[in-house]
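A.B. asks: Chains A and B are the protein sequences, given in the same order.
Numbering-wise (the numbering used here), the first sequence opens with residue 1 and increments by one.
Numbering-wise (the numbering used here), the second sequence opens with residue 1001 and increments by one.
Derived by calculation from the structure, the hints in this document are not laboratory data.
A couple of the hints might just be wrong.
To be verified - Which stretches of chain B does chain A cover? Using the computed rule of at least three CB atoms under 8 Å from a CB of chain A, they are:
#1 1035 to 1047
#2 1073 to 1079
#3 1097 to 1105
Unchecked claim - Dumping the calculated DMTMM-like pairs for lysine to aspartate or glutamate here, alpha-carbon to alpha-carbon at most 20 Å:
#4 A:27 - B:1106
#5 B:1111 - A:50
#6 B:1158 - B:1076
#7 B:1008 - B:1032
#8 B:1111 - A:60
#9 B:1111 - A:53
#10 A:27 - B:1032
#11 B:1116 - B:1064
#12 B:1155 - B:1032
#13 B:1111 - A:52
#14 B:1116 - A:64
#15 B:1097 - B:1030
#16 B:1097 - A:85
#17 B:1115 - A:7
#18 A:4 - A:74
#19 A:27 - B:1098
#20 A:29 - B:1032
#21 B:1115 - A:64
#22 A:94 - A:49
#23 B:1111 - A:49
#24 B:1097 - A:84
#25 B:1111 - A:58
#26 B:1008 - B:1063
#27 B:1116 - B:1045
#28 A:54 - B:1112
#29 B:1115 - A:53
#30 B:1115 - A:52
#31 B:1117 - A:58
#32 A:27 - B:1030
#33 B:1111 - A:51
#34 A:94 - A:75
#35 A:4 - A:64
#36 B:1111 - A:74
All residues carry an ideal CB built from backbone N, CA and C; glycine is no exception.
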Amino acid sequence: MDIKHVEGRNAGKLMLYAISTCPWCRKTKALLNELGVEYSYIDVDLVPEEEEDKITREVERWNDRLSFPTLVIDDEEVIIGFQEERIRQVLKGKKQ
Amino acid sequence: MTEISREKIQEYYHKLLTEAEKAGYHLNPDLDLTLELVKSLLANEERYGYQSCPCRWASGLREEDLDIICPCDYRDADLAEYGRCYCALYVSANATKENLSRPIPERRPSKEERKKKTEKEISHPSSLSLPVWRCQVCGYLCARKEPPDVCPICKASKDRFERFF
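Model the full assembly from the supplied sequences, consistent with the hints where possible.
C.D. replies: Structural data, given as structure tokens:
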């Protein structure tokens, strides 16, 4: 699967599920870049057809509405939609 | 994403803006965001053949995505409840900064729920002389043999109509 990795400071395991055409997903990526944290992301609309089911199930585990952006933090917390303040706050509390 | 020229984006933005204002709708005054959304609509038209919502995961099959072709079936309800549509291309006249900066929940039913709805729609016992068709985008109703090719109110295509009675 085409998971992209962005280097940065370790603020826990961050996985972002996004749509390539969605400005709110782009804002989320820009915010993570601004915060300088290490994260992975995947633009689900760009995955090959044969992988769609797999990625659908993966996102649905965290967000049954299958909406984007879905940001999963440390495999336990999930932030749905571009919630700038909440993302800033949650990541501030994470290890440096 | 496919590259789309600035001119094409500007031209389509002005077309959408004119149509929206004429019909009592408003595009998001955040021009940077709105132009990004317009660009994405054009990109989706190129890759899928229809202008699927930029912020939703399209299937690539028009009949499965009819409800999320912009303007989507959920726009009016979201405008009424949240002052903006899901992607925030459309906003209500009295939308506040607060409305526009916070995400809203996804109103589109899950794939299973959508499938159930389609199955339910099949039978229509009716004593009317003509069927009544409802535009699922704007709510326009008309009694005629078939829905119009294009909704006279919101310009949605024929396949966006459902049989209402």
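A.B. asks: Taking the hints in turn, state whether each one holds.
C.D. replies: Structure-based check of all given hints:
1. By the rule of at least three residues with a Cβ nearer than 8 Å to a Cβ of chain A, the coverage given for the segment 1035 to 1047 of chain B holds, with 5 such residues.
2. Counting residues of the segment 1073 to 1079 of chain B whose beta carbon lies closer than 8 Å to any beta carbon of chain A gives 0, which falls short of the minimum of three for the stated coverage.
3. Residues of the segment 1097 to 1105 of chain B with a Cβ under 8 Å from some Cβ of chain A number 5, which satisfies the need for three, so the listed coverage holds.
4. Restraint check for residue 27 of chain A and residue 1106 of chain B: the C-alpha separation of about 18 Å stays at or below 20 Å, so the hint holds.
5. Taking the CA atoms of residue 1111 of chain B and residue 50 of chain A, the gap is about 18 Å. The hint holds against a cut of 20 Å.
6. For the suggested pair residue 1158 of chain B and residue 1076 of chain B, the alpha carbons sit about 19 Å apart, so the restraint of at most 20 Å is met.
7. With a C-alpha separation of about 15 Å, the suggested pair residue 1008 of chain B and residue 1032 of chain B falls inside the 20 Å cut-off, and the hint holds.
8. As the CA atoms of residue 1111 of chain B and residue 60 of chain A are separated by approximately 12 Å, the hinted pair is consistent with the 20 Å bound.
9. A hinted pair counts as satisfied when its Cα atoms are at most 20 Å apart, and residue 1111 of chain B with residue 53 of chain A qualifies at roughly 13 Å.
10. With a C-alpha separation of about 12 Å, the suggested pairing of residue 27 of chain A with residue 1032 of chain B holds against the 20 Å cut-off.
11. Note on residue 1116 of chain B and residue 1064 of chain B: the hinted pairing holds, with a Cα-Cα distance of about 13 Å set against a maximum of 20 Å.
12. About 25 Å separates the Cα atoms of residue 1155 of chain B and residue 1032 of chain B, which puts this hinted pair outside 20 Å; it is violated.
13. Between residue 1111 of chain B and residue 52 of chain A the alpha-carbon distance is near 14 Å, which keeps this suggested pair within the 20 Å criterion.
14. With a C-alpha separation of about 17 Å, the suggested pair residue 1116 of chain B and residue 64 of chain A falls inside the 20 Å cut-off, and the hint holds.
15. Restraint check: the Cα-Cα separation between residue 1097 of chain B and residue 1030 of chain B comes to about 10 Å, which is no more than 20 Å; the hinted pair holds.
16. Of the supplied pair hints, the one linking residue 1097 of chain B and residue 85 of chain A holds, its CA atoms being roughly 15 Å apart against a limit of 20 Å.
17. Proposed proximity of residue 1115 of chain B and residue 7 of chain A is contradicted: the alpha carbons are some 41 Å apart, above 20 Å.
18. Restraint check for residue 4 of chain A and residue 74 of chain A: the C-alpha separation of about 17 Å stays at or below 20 Å, so the hint holds.
19. Taking the CA atoms of residue 27 of chain A and residue 1098 of chain B, the gap is near 17 Å; set against the 20 Å cutoff, the hint holds.
20. Taken as a hint, the residue 29 of chain A and residue 1032 of chain B pair is honoured in the structure, with Cα atoms around 17 Å apart against an allowance of 20 Å.
21. Taking the CA atoms of residue 1115 of chain B and residue 64 of chain A, the gap is near 16 Å; set against the 20 Å cutoff, the hint holds.
22. The hinted pair formed by residue 94 of chain A and residue 49 of chain A fails the criterion: a straight-line CA distance of about 35 Å is larger than 20 Å.
23. With a C-alpha separation of about 17 Å, the suggested pairing of residue 1111 of chain B with residue 49 of chain A holds against the 20 Å cut-off.
24. Distance restraint check for residue 1097 of chain B and residue 84 of chain A: the Cα-Cα separation of roughly 14 Å lies within the 20 Å cut-off, and the hinted pair is therefore satisfied.
25. For the hint linking residue 1111 of chain B to residue 58 of chain A, the alpha-carbon distance of about 16 Å falls within 20 Å, and the restraint holds.
26. Taken as a hint, the residue 1008 of chain B and residue 1063 of chain B pair is broken in the structure, with Cα atoms around 27 Å apart against an allowance of 20 Å.
27. Among the hinted pairs, residue 1116 of chain B with residue 1045 of chain B is inconsistent with the structure: their alpha-carbon atoms are about 28 Å apart, more than 20 Å.
28. At roughly 17 Å between alpha-carbon atoms, residue 54 of chain A and residue 1112 of chain B fall within 20 Å of each other, so this suggested pair holds.
29. Proximity of residue 1115 of chain B to residue 53 of chain A is assessed by CA-CA distance (about 17 Å); at most 20 Å being required, the pair is judged to hold.
30. Between the alpha carbons of residue 1115 of chain B and residue 52 of chain A the distance comes to roughly 19 Å, so the proposed pair stays at or under 20 Å and holds.
31. Straight-line distance between C-alpha atoms of residue 1117 of chain B and residue 58 of chain A comes to about 25 Å, which puts the hinted pair past the 20 Å bound.
32. Only pairs whose Cα atoms come within 20 Å are accepted, and residue 27 of chain A paired with residue 1030 of chain B is accepted, the gap being roughly 14 Å.
33. Between the alpha carbons of residue 1111 of chain B and residue 51 of chain A the distance comes to roughly 17 Å, so the proposed pair stays at or under 20 Å and holds.
34. The suggested pairing of residue 94 of chain A with residue 75 of chain A holds, with an alpha-carbon distance near 14 Å, which does not exceed 20 Å.
35. The suggested pairing of residue 4 of chain A with residue 64 of chain A is violated, with an alpha-carbon distance near 23 Å, which exceeds 20 Å.
36. Using a Cα cut-off of 20 Å, the hinted pair residue 1111 of chain B and residue 74 of chain A is violated, with the two alpha carbons roughly 28 Å apart.
Violated hints, listed in ascending order, are 2, 12, 17, 22, 26, 27, 31, 35 and 36; each of the other numbered hints is respected by the structure.
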